[in-house]
Amino acid sequence: MNIPDNWRKSSYSGAGDGNSCVEIANAPTHIAIRDSKAPARATLTFPTGAFTAFLDDLKSAHSTVTDFARFRG
Numbered sequence: 001m002n003i004p005d006n007w008r009k010s011s012y013s014g015a016g017d018g019n020s021c022v023e024i025a026n027a028p029t030h031i032a033i034r035d036s037k038a039p040a041r042a043t044l045t046f047p048t049g050a051f052t053a054f055l056d057d058l059k060s061a062h063s064t065v066t067d068f069a070r071f072r073g
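Residue numbers (our numbering): 1 to 73.
Be a bit skeptical, because a hint or two may be false.
List time: in silico BS3-like cross-link candidates among lysine-lysine, alpha-carbon distance up to 30 Å [unchecked claim]: (1) Lys37 to Lys59; (2) Lys59 to Lys9; (3) Lys9 to Lys37.
These aren't lab readings, by the way, just hints derived from the structure by calculation.
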């Protein structure tokens, strides 16, 4: 599977250099997310439909995407 090359940062990026966030890239069949501080490291890749379920689970467990960013380290 090829990783998309159209990465974009979350609108919830931290202040300053904006490096405290996740980046998202999409392709016709899947969506990938990665840590903006370490883009060469592991990337999570989901089939398009599964990504929606992943976000729904995050929303129910945490009030904002920023909360999720705090847990990722």
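Given the hint that Lys59 pairs with Lys9, test it: the Cα-Cα distance must not exceed 30 Å. At roughly 18 Å apart (the allowed maximum being 30 Å), Lys9 and Lys59 satisfy the hint.
Hint check: Lys9 vs Lys37, CA-CA at most 30 Å. Holds or violated? holds (11 Å)
Keeping to a limit of 30 Å between CA atoms, is the pair of Lys37 and Lys59 held or broken? holds (23 Å)
Every hint from the earlier list agrees with this structure, and none is contradicted.
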